[in-house]
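Visitor: Listed below, chain by chain, are the residues.
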Amino acid sequence: MNKTFQLWNPSLLLGLAIVGLFAAMAISPGLFSSQDPAGLRLEHRLSAPSAANWFGTDGVGVDVYSRVVYGARTTLATIVVVLGIAILVGVSIGSVSGYLGGWIDGLLMRVADVFLAFPPLILALATNAVLGRGLQQTMFAVAFLWWPAYARLVRSQILAVRKLEFVESARAIGANELRIVGRHVLPNVLDPVIVRASLDAGFVALTAASLSFLGLGAQPPTPEWGRMVAEGQKFLLDQWWVATFPGISLFVLVIGFNLIGESLSGRMQSGLHVSRAEETEGR
Amino acid sequence: MNRRGTALLEVSDLKVQFAPRGSGLWSDKKGVVRAVDGVSLTLQRGETLGLVGESGCGKSTLGRAILGLVGAASGSVWFDGHEITAMSNREMRRIRPRIQLVFQDAGAALNPRWCARDLVAEPFKIHLSLEGAVLQQRVDAIFETVGLDPALGKRFPRELSGGQRQRVGIARALASEPDLLVCDEPTSALDLSIQAQIVNLLQDLQDQLGLSYLFIAHDLGVVRQISDRVAVMYLGKIVETASRDRIFKEGRHPYTQALLSAVPVADPEHANTRGWKAMTGEVPSPSSPPLGCNFCTRCGSKAEVENRLNIDCDMIEPELISVEELHEVSCHLFPAN
Ligand SMILES: Nc1ncnc2c1ncn2[C@@H]1O[C@H](COP(=O)(O)OP(=O)(O)OP(=O)(O)O)[C@@H](O)[C@H]1O
Ligand SMILES: [Mg+2]
Numbered sequence: 001m002n003k004t005f006q007l008w009n010p011s012l013l014l015g016l017a018i019v020g021l022f023a024a025m026a027i028s029p030g031l032f033s034s035q036d037p038a039g040l041r042l043e044h045r046l047s048a049p050s051a052a053n054w055f056g057t058d059g060v061g062v063d064v065y066s067r068v069v070y071g072a073r074t075t076l077a078t079i080v081v082v083l084g085i086a087i088l089v090g091v092s093i094g095s096v097s098g099y100l101g102g103w104i105d106g107l108l109m110r111v112a113d114v115f116l117a118f119p120p121l122i123l124a125l126a127t128n129a130v131l132g133r134g135l136q137q138t139m140f141a142v143a144f145l146w147w148p149a150y151a152r153l154v155r156s157q158i159l160a161v162r163k164l165e166f167v168e169s170a171r172a173i174g175a176n177e178l179r180i181v182g183r184h185v186l187p188n189v190l191d192p193v194i195v196r197a198s199l200d201a202g203f204v205a206l207t208a209a210s211l212s213f214l215g216l217g218a219q220p221p222t223p224e225w226g227r228m229v230a231e232g233q234k235f236l237l238d239q240w241w242v243a244t245f246p247g248i249s250l251f252v253l254v255i256g257f258n259l260i261g262e263s264l265s266g267r268m269q270s271g272l273h274v275s276r277a278e279e280t281e282g283r
Numbered sequence: 284m285n286r287r288g289t290a291l292l293e294v295s296d297l298k299v300q301f302a303p304r305g306s307g308l309w310s311d312k313k314g315v316v317r318a319v320d321g322v323s324l325t326l327q328r329g330e331t332l333g334l335v336g337e338s339g340c341g342k343s344t345l346g347r348a349i350l351g352l353v354g355a356a357s358g359s360v361w362f363d364g365h366e367i368t369a370m371s372n373r374e375m376r377r378i379r380p381r382i383q384l385v386f387q388d389a390g391a392a393l394n395p396r397w398c399a400r401d402l403v404a405e406p407f408k409i410h411l412s413l414e415g416a417v418l419q420q421r422v423d424a425i426f427e428t429v430g431l432d433p434a435l436g437k438r439f440p441r442e443l444s445g446g447q448r449q450r451v452g453i454a455r456a457l458a459s460e461p462d463l464l465v466c467d468e469p470t471s472a473l474d475l476s477i478q479a480q481i482v483n484l485l486q487d488l489q490d491q492l493g494l495s496y497l498f499i500a501h502d503l504g505v506v507r508q509i510s511d512r513v514a515v516m517y518l519g520k521i522v523e524t525a526s527r528d529r530i531f532k533e534g535r536h537p538y539t540q541a542l543l544s545a546v547p548v549a550d551p552e553h554a555n556t557r558g559w560k561a562m563t564g565e566v567p568s569p570s571s572p573p574l575g576c577n578f579c580t581r582c583g584s585k586a587e588v589e590n591r592l593n594i595d596c597d598m599i600e601p602e603l604i605s606v607e608e609l610h611e612v613s614c615h616l617f618p619a620n
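First to last, the sequence lines map onto chains E and S. Under the numbering used here, the first residue of the first sequence carries the number 1, and numbering increases by one thereafter. Under the numbering used here, the first residue of the second sequence carries the number 284, and numbering increases by one thereafter.
One chain only, chain E, in its complex shape (with noise of 0.2 Å):
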């Protein structure tokens, strides 16, 4: 069976081809957008589409183009800072768990439960409460309610892998418990998160949305697809543009990133297990 064939289907590609242009954006705004994001130019205000501003213009006159385009920064690195957070502290904690079990795996289990049994967003908004608003405080308010998915995740994979054949092979041929961990057991456990956390960074990016919708992260007048929205909303029935092209942008995005996660976790199912699997039916 051809493994690359199936890694590259089209679901994948378009999904990549979707986060990799947005991610372009976020990476050098200028090449898309030669307007300036902020440039009020009231005499302009909430004009329709047009050649000279093609997603219009917002109550203040400022290009909605431009504005989506510089969007996408402030979104991918909330993206970038809360799954990278969420990870670290997730994958550290969920190794110990697993790895240690007992009274300190209890513990810690119990921790991430209670993060687990809030509802996200009634969370964040807590956490903002107390840290106060901005879009760093969003961050960190997003990323403290995520990390106990992937400790969850990760504990589970160690208990899982660390009972396969190859890690009592290692111990047998000598190796440390430290190399066990590192070498073979790590490893083994990082795909279902890189998986995880394809299929989270739509989640992240509409969380973070949400906040900035009711007026907890990015402040004005960095550009924020939530926020545009939420401005947007006032307009909504006459000049639909204003809160449409930012909705429609984070809509594609977190399609984008759905898509990568789905072909990734389906190539996962279909990767070590099933080749366990045919190997076993020749017997």
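Please keep in mind that the hints were generated in silico from the structure rather than gathered at the bench. Every value quoted in this text rests on a predicted model; they were computed, and no experiment measured them. Take these hints with a grain of salt, some might be off.
Not the full set, but computed from the structure, chain S residues with beta-carbon under 7 Å of chain E [unchecked claim]:
1) 314
2) 379
3) 384
4) 393
5) 509
BS3-like cross-link-like pairs, simulated, lysine-lysine; straight-line CA separation at most 27 Å [what the hints assert, rightly or not]:
6) S/408 <-> S/437
7) E/163 <-> S/298
8) E/163 <-> S/532
The beta carbon of each residue, even a glycine, is placed where N, CA and C say it ideally should be.
Starting from the structure of chain E, add chain S with the ligands where the hints point.
Guide: Frame of chain E, contents of chain S with the ligands only:
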């Protein structure tokens, strides 16, 4: 540590037990699983001891206990004058190079993310801290020893055939220059023709390197080919040990006989002409073995013992007794001479 005897490996009254699986909320808790229940055996240098028995009788567990991969509940394992069962983790890691394990399913026993070369290089890195060209040389040499083309070194386990994977497994085990190789059904996952190749390889290696084998197998044909002595295991206990020829010609324990009669033989001379009684029923659970003889629930000779010798097999456990020189049987039919 005091030395014992001259045997390379000496297992005495070894017991290994597991907590019952899945005990808890939804299952009534049964007793512990007595996977290995009082096994004694010895293995001389350069010797191959075949260990046969049905699935689940504790062969792998015995092998893993000898390597110190599972703890013993009681009894001891002595290896070349060192007591494995009393070692700390550090001491254990020092002795590990000398006792190695060849797994049944090399596909599962090789980390799927490592290429063959890295897998074989691992023991050299761990024990000798080799690197670079020296490491390369040693790895190539051992590839050669086990009959693997070094060009396969870049392949991952799933890109190798079953036979090649098993050769990688054997190379990994040989890298640390062991004295004893525990081979846990090393051929049972392979096609017949490949099986023969691997068995031949193991025999050649033994001649070249003076290895001792504990060779675990289902397949009596393979055991017959490779073993000097054979131990027959049933439900956690050794029921008979003897030289290979004695076991195959004059195996006495009813279980040994049942095993032998189940093997299709091409040679009519070895066919079931002695009126061996076949087994009936299922193996009892190792968490609740019979009170008396472990085999009493399936034994075809039980009536004979009870009528002729007036011994209650259900209640009285037979001991492993020497019936001839180097031939031990655990059955009431064969009292000590
Ligand atoms: N880690 C474990 N926890 C609980 N029970 C176990 C464990 N490992 C083995 N057992 C039980 O111990 C008994 C012996 O198992 P073992 O794997 O040693 O048998 P085996 O003779 O090697 O069988 P096979 O020929 O199928 O490999 C079985 O009943 C098995 O279910
Ligand atoms: Mg086994």
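Visitor: Against each hint, give a clear statement of whether it holds in the structure.
Guide: Here is how each hint holds up against the structure:
1. 314: Status violated, d = 23 Å.
2. 379: OK, holds: residue 379 of chain S within 7 Å of chain E, min 4 Å.
3. 384: Where the cut-off is 7 Å and the nearest Cβ of chain E is about 5 Å from residue 384 of chain S, the hint holds.
4. 393: 6 Å, holds
5. 509: 20 Å, violated
6. S/408 <-> S/437: 18 Å, holds
7. E/163 <-> S/298: 22 Å, holds
8. E/163 <-> S/532: 41 Å, violated
When each numbered hint is compared with the structure, violations occur for hints 1, 5, 8.
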